[in-house]
Amino acid sequence: MITFKNVFKEYGNGVMALSNINLTVPRGDFVFLVGSSGAGKSTLVKLLIREESVTRGNIYIHNQDITKLTKTQVPRLRRNISVVFQDFRLLAKRNVYENVVFPLEVQGHSRAYNKEHVEHALELVGLKDKAKSYPSELSGGEGQRVSIARAIVNHAPYLVCDEPTGNLDEHTAMEIMAALENINKAGTTIIMATHAINIVNTMQKRVITLKGGKIESDVERGSYYEMV
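Going by the UniProt record's numbering, 161 is the number at position 161 of the sequence shown; the sequence numbering is gapless.
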């Protein structure tokens, strides 16, 4: 479970990006963060992965206050929270398998362990037949699915997506959402920041709307049109 308690984030230039955020995300949820540019979506994501620190308040994951972590403890946090960005950040000189296996190699797992988990991750995103392809040989949607496979290969219980479909056409974006739906059904909690109205309306998941750094609404099964 993820819990934000009275969280404020003020940047050095005096901009209050988040103001008194209180929310709980149970394990297994699929949550959309929506709102206009500057509403606070990306800041909330950055706080969750400790790319930024809170000004005031607390964020708990599994009852651990991550706002109290030291810099040396943050890498361990990020083994439990994987992130997918709008830009795929694939390694151009590595094929799909080598891109996805990279986090496991860093952690020092055996070759057999790596093979099993990479194949499972690629299967979840529908790319098992692309293991030997290079990023330059992939479509935009396939590249994003590889980045998702890399994010979930270590079985982190939480997956945070920051505008993962922002550079994709609508058909390809829905393919990405189908992959994320499979991952969520397998037990991963997903928090996705997005501007994509059609995706939010189609998926009918929990929708948290941010406005001016505050939570304007939190609907269990909603659509973007109802919020804006």
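Rather than coming from a laboratory, the hints here were simulated on the basis of the structure. From the three backbone atoms N, C-alpha and C, an ideal C-beta is built for every residue, glycine too. Do not rely on the hints blindly, as some may be mistaken.
[Said to hold, decoys possible] With beta-carbon atoms standing in for the labels, derived distance ranges:
1. 185 x 140: 23 to 29 Å
2. 220 x 20: 46 to 52 Å
3. 119 x 185: 33 to 39 Å
[Said to hold, decoys possible] Lysine to aspartate or glutamate pairs mimicking EDC-like chemistry, simulated, CA-CA at most 20 Å apart:
4. 68 x 123
5. 130 x 163
6. 185 x 123
7. 93 x 52
8. 5 x 218
9. 185 x 169
10. 214 x 87
11. 128 x 52
12. 71 x 87
13. 115 x 129
14. 185 x 119
15. 5 x 29
16. 132 x 98
17. 68 x 52
18. 214 x 169
19. 5 x 175
20. 185 x 220
21. 46 x 98
Hint check:
no., hint, verdict
1, 185 x 140: 23 to 29 Å, "holds, 24 Å"
2, 220 x 20: 46 to 52 Å, "violated, 22 Å"
3, 119 x 185: 33 to 39 Å, "violated, 18 Å"
4, 68 x 123, "violated, 37 Å"
5, 130 x 163, "violated, 24 Å"
6, 185 x 123, "holds, 14 Å"
7, 93 x 52, "violated, 31 Å"
8, 5 x 218, "holds, 15 Å"
9, 185 x 169, "violated, 24 Å"
10, 214 x 87, "violated, 27 Å"
11, 128 x 52, "violated, 35 Å"
12, 71 x 87, "violated, 25 Å"
13, 115 x 129, "holds, 14 Å"
14, 185 x 119, "holds, 18 Å"
15, 5 x 29, "holds, 18 Å"
16, 132 x 98, "holds, 8 Å"
17, 68 x 52, "holds, 12 Å"
18, 214 x 169, "violated, 30 Å"
19, 5 x 175, "violated, 35 Å"
20, 185 x 220, "holds, 17 Å"
21, 46 x 98, "violated, 27 Å"
Of the numbered hints given earlier, the model fails hints 2, 3, 4, 5, 7, 9, 10, 11, 12, 18, 19, 21; all others are met.
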